[in-house]
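Produce the complete structure using the sequences and hints provided.
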Amino acid sequence: QTVVTQEPSFSVSPGGTVTLTCGLTSGSVSTIHNPSWYQQTPGQAPRTLIYSTDTRSSGVPGRFSGAILGNKAALTITGAQAHDESDYYCVLYMGYGMVFGGGTKLTVL
Amino acid sequence: EVYLVESGGALVQPGGSLTLSCAASGFNFINSWMTWVRQAPGKGLEWVANIKHDGTEKYYVDSVKGRFTISRDNAKSSLYLQMNNLRVDDTAVYYCATFLFSNGWYWDSWGQGTLVTVSS
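Chains as they are written, first to last, in my numbering: chain A, 1 to 109; chain B, 1001 to 1120.
I should point out that these hints are in silico values taken from the structure, not numbers from a laboratory.
Be aware that a few hints might be false.
Cross-link-like lysine-lysine pairs, in silico, BS3-like; alpha carbons within 30 Å at most [said to hold, decoys possible]: (1) 105(A) / 72(A); (2) 105(A) / 1043(B); (3) 1043(B) / 72(A); (4) 1052(B) / 1065(B); (5) 1076(B) / 1058(B).
In structure tokens, the structure reads:
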């Protein structure tokens, strides 16, 4: 079964830009997979950031953006802030259902 | 503003049963698909089940099929998850969420979660 892959961890400097990716162990990610992205701070509920590849959820600042880059979905954070330090999960529609990636732990330091 | 408040989480023995509830407000619950997503301690998120707005369609992850039942009471704006024959690996925080469609499905609003611990 195809697995949704994400970088286990990533770090970014305050004010910097970081791109997290979401791929497949077999095949390429496209808009057909309807990528969505969720942010979760430890102990808190998830928060929806991006859906339909590149649409920001209500209230999400413009420094969060989604896209397809190459054969993966991507979440870019521009001007990272300390409170962006969280776990980030992508979700892909795989035909048989919605599948979460394993998540990326983002450190801002 | 959308509010989703889960309740019913508890410590239960393996093989036991539990029913989770999610009280919804601030949106048109009657016309909304709803979902349960869970997160085991220290692990990632996992989709568990979806239910159509009128309850006529239900979908489950393979690991809970035949053991869990998702249901809803639109008159009470409430979502439920009946969990039977619980296993240790069902231990998780269970979140309810709205499930919306815009060029594709995605989860929109989330509750704060309720903890289910399965242990002897």
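We went through each hint and held it up to the structure:
1. Between the alpha carbons of residue 105(A) and residue 72(A) the distance comes to roughly 18 Å, so the proposed pair stays at or under 30 Å and holds.
2. Simply put, residue 105(A) and residue 1043(B) have alpha-carbon atoms about 12 Å apart, close enough for the 30 Å limit, and the pair holds.
3. For a cut-off of 30 Å, the pair hint linking residue 1043(B) to residue 72(A) stands: about 23 Å separates their Cα positions.
4. A hinted pair counts as satisfied when its Cα atoms are at most 30 Å apart, and residue 1052(B) with residue 1065(B) qualifies at roughly 17 Å.
5. For the hint pairing residue 1076(B) with residue 1058(B), the CA-to-CA distance comes to about 19 Å; that is within 30 Å, so the pair holds.
In summary, this structure violates none of the numbered hints.
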